[in-house]
Amino acid sequence: MTTVPAIAKISVRGLRKEFVAKDKNGRVTKAFTALNAINLDIQEGQFVAIVGPSGCGKSTLLDILAGLSQPTSGEVWLDGQPVSGASLDRGVVFQQYALFPWLTSLDNVAFPLEAKGVPKSERYAIARRHLALVGLNGFEERYPHQLSGGMKQRVALARSLAHDPSVLLMDEPFAALDAQTREMLQTELLRLWEQTRKTIVFITHGIDEAIYLGQKVAVMTSRPGRIKQIIDNPLAGRPKGEDVRATPEFGRLRHEVWELLRDEFNQAVALEREAAS
Amino acid sequence: MPNASSASSSLTPAPLTQFTADANYTWRFAYGLFQKSIAIIAFLLLWELAPRLGFINPSFLPPFSEIIIHGYNFAAEGKLLPHVVASLGRALSGFALGVATAVPVGILLSWYEPFERYFNPLLQLLRQFNSISLLPLFVMFFGVGSVTRIMIVYWVVVWPILLSTVSGIKYVDPILVKYGRSLPLSDWRIFTRIVAPSAIPSVVAGLRLAATYSFLVLVVSEQVGASSGLGYLVENGQYVMGIDILYVAVLMLALLGLAANFSLVLLESRLTRWMPNSRDGSRLGAKS
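Just so you know, the protein sequences line up as chains A and E, in that order.
Here the first sequence is numbered in the numbering used here, starting from 1 and rising by one per residue.
Here the second sequence is numbered in the numbering used here, starting from 1 and rising by one per residue.
Just chain A, same shape as in the assembly:
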């Protein structure tokens, strides 16, 4: 590691998370290590994509970064302060959108502003601005069930940006979308990132997605999840409009990450079989 915790925006040190499964009588039936010895430094304004096989604990890692779950050991530092719980300074975007079905788009985006203590008179103006930012002006009064999957995730993105966190934590946000919508939202996210300069941690199991989005691509091992390698992405910051995915560089990177992940995918499959049998 080249940086010390005080300098990095987010610093993860020796993180370990164990899960213990108990039956209804409280007896321990199963214990496993989800994450082990995770070390990671993320600089202010950086876009880090974390890619790994399913069940490698990447969502667990994101939960810990969000303060939603406590590590068994190790620490997470944010702006030089140890993280002890959730905060409005981190915005979380989930794969399942997590929009309130009984609220309109506008009310959904305004929701965290109430928690932040923004006066009522200003909430809607801020919410409108953020809906426009994600290209959803005109959809303020729609309920989530009246929106497509891509639109729902745009609303969720607007909602996470509305309370102006310095860090965005995204847990496979585009995994449930069709390929075209996903590519559109990826491009959109890069634009928003350049516009807002948030620090973004993006969890994915898609190699292409990780390479397309991440300035740094962190490759994880299968269970117990560790960071196998962090790749500096030479494609980051390429001019837009260029079909980055068609460049030879992209293919080379894709292969590199794939090589790193191949054994992990195989092992993940073996683990799943074992769990199912």
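Don't read these hints as lab results, they were simulated from the structure.
Errors might be hidden in some of the hints.
What the hints assert, rightly or not - Here are the simulated distance ranges between beta carbons:
| no. | chain 1 | residue 1 | chain 2 | residue 2 | range |
| --- | --- | --- | --- | --- | --- |
| 1 | E | Thr-192 | A | Gly-206 | 31 to 41 Å |
| 2 | A | Asp-243 | E | Gln-35 | 52 to 62 Å |
| 3 | E | Leu-122 | A | Lys-24 | 45 to 55 Å |
| 4 | E | Leu-125 | A | Thr-196 | 53 to 63 Å |
| 5 | E | Arg-189 | A | Gly-26 | 23 to 33 Å |
| 6 | A | Lys-120 | E | Gly-225 | 49 to 59 Å |
| 7 | A | Gly-26 | E | Ser-186 | 27 to 37 Å |
| 8 | E | Leu-251 | A | Gly-26 | 57 to 67 Å |
| 9 | E | Tyr-112 | A | Tyr-124 | 45 to 55 Å |
| 10 | A | Thr-29 | E | Gly-225 | 55 to 65 Å |
| 11 | A | Phe-265 | E | Thr-192 | 40 to 50 Å |
| 12 | E | Tyr-171 | A | Ser-148 | 18 to 28 Å |
Unchecked claim - One-sided and incomplete, this derived list gives chain A residues near chain E with beta-carbon spacing under 7 Å:
| no. | residue |
| --- | --- |
| 13 | Leu-88 |
| 14 | Gln-96 |
| 15 | Ala-98 |
| 16 | Tyr-143 |
| 17 | Pro-224 |
All C-beta atoms in this analysis are idealised placements derived from N, C-alpha and C, irrespective of residue type, glycine included.
Place chain E on chain A using the hints.
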């Protein structure tokens, strides 16, 4: 060909298109009304004709028109209203009491895990106690007045409301709670802003079930030892006042049941406007 809705919502409709679209709509409305009412009309016609043509003994089943006339006279003499008011008052009191206690208890049960562990077995046992079989006990404890009827209604409405509240709260989408925690919201805020609104559709479904039960047991309870109410009319119409009054009371109960269901459907569609196909949902429910 443009369909009716697109033609009438377009900004500059050609007069002719507008006309045909409206005619189309009127025709469809009339056709829908016909579909809905034809079975009822046939049923009433059968009711009218069967006793008149001697298929059924008219002293068991008077023709429908006679019942309407009797009912009208009975009501005009001011004899019907007190019974309707008595029954409605008891049903509403029991119902209100049920909502006021079952909803908070349901919240406690589903929100505080230890509470459920200790009390759920008892509640599951209590809800199996048949309300009709409890009637003599209720009479013993609460006398032959309104209190007994209210308590019996209370006893049947409390369970569906309680259970629907519990399931509504328990089955809140965990990802919404997780989002709330990520802000983070306090437990109280998570409850009031996330859990409670998610539970509303389930609670309203419980209310509708409870409303159906409440009329059912109310009538039975009013047949035992009461001196007013529609159940009392049914019981006494049989022996004292003549068979017509029995049918008047039965029809009145049906109308009240319809009205109760209709208002709850209205409440449901107001509260669940955000749900996909909420209108279809309530229409389906209204048929049951």
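Task: Violating hint indices (sorted, rising) - done: Checked against the structure, the hints that fail are numbers 3, 9 and 17, while the rest are satisfied.
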